[in-house]
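Protein sequences appear in the order of chains A and B.
Sequence positions in the first sequence follow the UniProt record's numbering and run 1 to 316.
Sequence positions in the second sequence follow the UniProt record's numbering and run 1 to 316.
By construction, these hints were calculated from the structure, which means they are not laboratory data.
Residues from chain B shown here face chain A by an in silico Cβ test under 7 Å; the list is partial:
(1) T186
(2) V211
(3) G212
(4) T228
(5) Y230
(6) G285
(7) P293
(8) I296
(9) D297
(10) S299
For each label pair, taking beta carbons as the anchor points, the in silico distance ranges come out as:
(11) A/N5 <-> B/S153: 38 to 44 Å
(12) A/S199 <-> B/C251: 48 to 54 Å
(13) A/A103 <-> B/K262: 47 to 53 Å
(14) B/E203 <-> A/N5: 31 to 37 Å
(15) B/K87 <-> A/D120: 53 to 59 Å
A virtual CB, placed ideally from N, CA and C, is assigned to each residue, including glycine.
Number of protein chains: 2
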Amino acid sequence: MAFSNLLEVVSNVDKFPYQRDISSTETIHNYTPLCHESRVIGNILPDVMAQLRIYNSAQSLPPFVIENNVTFAPWVDSVEKRTEVIKTMMDLWRKEKTFTALAGWRNELYPVYGNSAREDNLAFVIERAASALFGISTFGVHLNAYVTEKDGSIKMWVARRALTKPTWPGLLDNCVAGGIAYTYSTKETIVKECDEEASIPREISEKASSVGCVTYYTYTSAGLQPETQYVFDLELPSGVLPKPQDGEVDCFYLWSLDKVKKSILDNEWKPNCALVAIDFMMRHGIITADNEPDYIDISYRLHRNLGFPTPTKCIK
Amino acid sequence: MAFSNLLEVVSNVDKFPYQRDISSTETIHNYTPLCHESRVIGNILPDVMAQLRIYNSAQSLPPFVIENNVTFAPWVDSVEKRTEVIKTMMDLWRKEKTFTALAGWRNELYPVYGNSAREDNLAFVIERAASALFGISTFGVHLNAYVTEKDGSIKMWVARRALTKPTWPGLLDNCVAGGIAYTYSTKETIVKECDEEASIPREISEKASSVGCVTYYTYTSAGLQPETQYVFDLELPSGVLPKPQDGEVDCFYLWSLDKVKKSILDNEWKPNCALVAIDFMMRHGIITADNEPDYIDISYRLHRNLGFPTPTKCIK
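Chain A on its own, in the form it takes in the complex (with noise of 0.2 Å):
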């Protein structure tokens, strides 16, 4: 379905209450925070805590403390300690097939934090697939690749996701995007991703430019997403094509940014890197104060506030 305006298509995404419903019914309202050293680090939905309990009180020496919040047992009392009893509990929920988006299950270990007053604030590190089943803030990586044209008009390199991907099959995509794995800086990922999903080679990569972030807060049927996007532009010389590689892509479009606009408002996007193109078309006066009546309203949606503690630490 299309959507009426682009403050729409942000919503869509950004779709988090803003405000917690107490007394309401939805599920999305019923959450129950993930607390370290005094910070909600992540949030968990009923379905999950149901199997958080029942593991919980099977364990001979339970992991979690189960009250308002969830915490960790004082035995649980290291960076390692956490991200074993996690791995644990998710290696037999996987087993067991006890959620699906476990089945996604990728081998890449994701950073979560805690107390951002302390000097590294790393508090485990979690299974990119589980980060959703506990609403952990995650952080990517996404790359607007453009071309400016002899009259000044900018294009934009636009992929249109592999039928055979798990998510998301067959929709338009930025150029470039990927998960930042623990230990790699954002440069690292952006570099690495630009060959692995769009044959650029290294020396064109790295003249990306690291231009903000995109954060926002979305669910889906895997689980609360809370992410932060670092955004990247890349200039690309007329002659440099981006090229599938790992069979994520199935190809790439150049296209106007009237196109892009109009593509995203058809909802051929997938949702959240909608959002990165709006922000790019944001920073390079197409979408202006002048022509937009939401435009101050899709600011503030682009950069929310997660509330989660951020990395005190440059991933480097």
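With chain A held as given, fit chain B onto it using these hints.
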């Protein structure tokens, strides 16, 4: 006093409390919301509230209803009447020198917005100098003028405010900035200010590109200032130099971004303008997640959701 990091620079501007502490005796927590159409459209600190009560009770037909909030009395039922009752009170306060903020009267009208669900949500207009007394959300434009060197590096044009300016004399500033008066578009405002403040001719200033907005909630001795700054970037050809024209600027410097960043940390900038320069450096690959540990928090604070109604019509 110098700052120890960029997040401190931002927090020094975006300093209105995120959470109101009702039990606090601090003035900044003791505000009274100004409401219209069930929306909070401003906040009033105790000193202004005291004068407003005196004024209101002295009128045969009081224009305000004062309870936990301040609202317009039912008879004040149009844009014109709301504008008029505020203006009449301001004229008196100005004559009686009730607030020093009103000494800076500019004869510039700022729009105030109400219920965003309405197609045209202008609630009233208010003299620029009076807006901070009511914590009215205001809108301005800021321009980053820059030069790209042959090696691809960027230098930024930085303005030194005239020593005769009533506010922040002698501090550093963005190349061009100004408030958006009622009925002006953002682009018209930037073109006008480019001419008035920096002698940049229209054929060049029209190439300024809209690149987003920076939103923060600050306060000074003049009152509460929740502000939205629409940001423009303008790449100047190397032969085009900004020149002071209207006496607001003492001189312009062309500085490396290293020097810009150092001068910001050294507290040499008009505080809110430093935020626009930081946003520039985040959009141009200078401040990145790989070199700035507070990257995400800075992004949040530069795009604070002010919570006031935003204009629902493009301003043109």
